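Q: Produce the entire structure from the sequences given, and follow the hints as far as they go.
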Amino acid sequence: MSYMRSIPRVWRERKKKYRLIGGRCKDCGKTFYPYRTFCPRCGSNNVEEIQLPHTGIILYYSVVRSAPTEFKKYEPYIVALVKLDDGTIIPAQITDAEPSEINEGMRVEAVFRKYREHGKDGIIEYGIKFRPVIEET
Amino acid sequence: MRRVFVAGIGATKIGEHWERSIRDLMVESSLNAIKDAGIDKKEVEAIFVGNMSSGYLQGQEHLGALLSTWLGIPGVAACKVEAACASGGAAFHNAFLAVKSGVYDCVLAVGVEKMTDAVTSDLTSALIMADDQEYVAFAGFSFVALNALVYRAYMKKYGAKQEDIALFAVHDHKYAVNNPLAQYRRAITLDTVLSSPLVADPLRLFECAPTGDGSAAILLCSEEKMKELGLEAEVEVAASSVATDILSLHDRDDLTTLVSTRRAAEKAYKMAGISAKDVDIVEVHDAFTILGVIHLEDLGFAKKGEGWKLVKDGEIEKDGKVPTNLMGGLKARGHPVGATGIYQIYDVALQLFGKAGPNQVDDASIGLAQNVGGVGGTVSISILKRVR
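In order, the protein sequences belong to chains A and B. Going by numbering that gives the first Met the number 0, the first sequence opens with residue 0, and the numbers climb by one from there. Going by numbering that gives the first Met the number 0, the second sequence opens with residue 0, and the numbers climb by one from there.
Everything labelled a hint here was simulated from the structure, so no lab data went into it. Predicted, not measured: the structure shown is a model, and the values here were computed from it. Wrong hints could be hidden among the right ones.
[Claimed, not checked] The following residues of chain B were derived to be distant from chain A, with all beta-carbon distances above 10 Å:
hint: 1; residue: 20
hint: 2; residue: 40
hint: 3; residue: 59
hint: 4; residue: 143
hint: 5; residue: 151
hint: 6; residue: 155
hint: 7; residue: 159
hint: 8; residue: 184
hint: 9; residue: 197
hint: 10; residue: 228
hint: 11; residue: 252
hint: 12; residue: 256
hint: 13; residue: 273
hint: 14; residue: 277
hint: 15; residue: 361
hint: 16; residue: 364
[What the hints assert, rightly or not] Below 25 Å or equal to it, Euclidean Cα-Cα: the simulated DSS-like pairs (lysine-lysine) are:
hint: 17; chain 1: B; residue 1: 155; chain 2: B; residue 2: 173
hint: 18; chain 1: B; residue 1: 269; chain 2: A; residue 2: 82
hint: 19; chain 1: A; residue 1: 29; chain 2: A; residue 2: 72
hint: 20; chain 1: A; residue 1: 16; chain 2: A; residue 2: 29
hint: 21; chain 1: A; residue 1: 29; chain 2: B; residue 2: 155
hint: 22; chain 1: B; residue 1: 317; chain 2: B; residue 2: 173
hint: 23; chain 1: B; residue 1: 266; chain 2: B; residue 2: 354
hint: 24; chain 1: B; residue 1: 155; chain 2: B; residue 2: 269
hint: 25; chain 1: A; residue 1: 29; chain 2: B; residue 2: 317
hint: 26; chain 1: B; residue 1: 308; chain 2: B; residue 2: 320
hint: 27; chain 1: B; residue 1: 269; chain 2: B; residue 2: 311
hint: 28; chain 1: A; residue 1: 82; chain 2: B; residue 2: 173
Just so you know, even glycine gets a beta-carbon here, dropped at the ideal spot from N, CA and C.
A: As structure tokens, this is what we get:
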């Protein structure tokens, strides 16, 4: 499928995707990911770009056991809504942990990882995943 | 305002139609609807085809002209309408507007999806296109996983149990037994549902609508055209609405309610001049058990957090307060994605025409069909009314 062959499609999102650039609405206060020019809640264009925090908690998660073709070889893997420390919610994979090791409310931190490949000879799409924070003792 | 009537309905059986193509299916349902009305196909002036993924699954777009050609009526206005799983409902909405506006008098709303041309993982890729490709599909979510998150949020917020919510699947199968067009015509037990394999935790296979092929069609005519053709006006389209919500779950404030359902329902109830309590039969888009429960609430049939009680207390049965999914719903009638919205209207119409067989609700006069695209990114609601 052509979307899994396009290099510009991946390239044009690089800043928002690799650096976690979100938006904050100066009218209703909502923060969101990724950045866009209109607030998804109130529709205002009084929106500023913000750097989102790299830590948060697992709000809800699921384990994908029947995956889309691009992710078939990783089954089963964990997907989640992560609530970042500023309250922004973002969709991402949880990595470096087994499904049995995670739970709602668990603290997680951002790491840069591989998401999917454009076939055998195409580019690799990278992005932010989250892993459990190991508390220092 | 101009009145719009159901002149004819048609559908194929839902299932694995290995020997038949997407065009075969939509030609059959269209001809069935035209035959049901008893008119000449040359009376049709416009066609709206609801379909989600023909481009990805069949490498085929331009379904409007494809259908008009294979139906033998090239020249009519025709196009495909896409709104993910709400494509059928959105096509119906366009057909309704076309007649209601006075531009056309005889319009066909068709829904079709041919899912068995793809292997499961390719289908899973196609279905997640209902959400944001760059930020949700990119992260590896399956469409089932998105609904699993809604399930978690609902159970946490309301303390509801999976064993109660999963009863929705048992309900659907019970009624599909008497539907000759249903994909799975056999009853199942709660134990079967709860012991089926996990697809995306906590959602199990038997809590998810199956994949299948199918096409359904509704022929709509103006009051004047019904008279001209000598047709008896029995079922009127009292309302048709579409509403959207923020596309992705992570941007929404509440995962346990579909704002789009509430918006579309408000518009539709107002247009029909009724409220939820006036509805005799309901078709909800229960692609997953938990969503069926949430829809009952958002449509106004139960308080938030209590939709599952309607199911458990037997209130969505044929003799209950809110008879729901009486031809098998998405779980057992089947869910050929872009066709589902039209199948739902077909099944509501069947009840209002008094042709639902053993599942017929006595004196059903007002029916509502709710068709959902994505996790509520789009919702289409249709209200049909028996007028004689």
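Q: Among all the numbered hints in the text so far, which are the ones the structure does not match?
A: Violated: hints 4, 5, 6, 9, 11, 17, 18, 19, 23, 24, 25, 27, 28.
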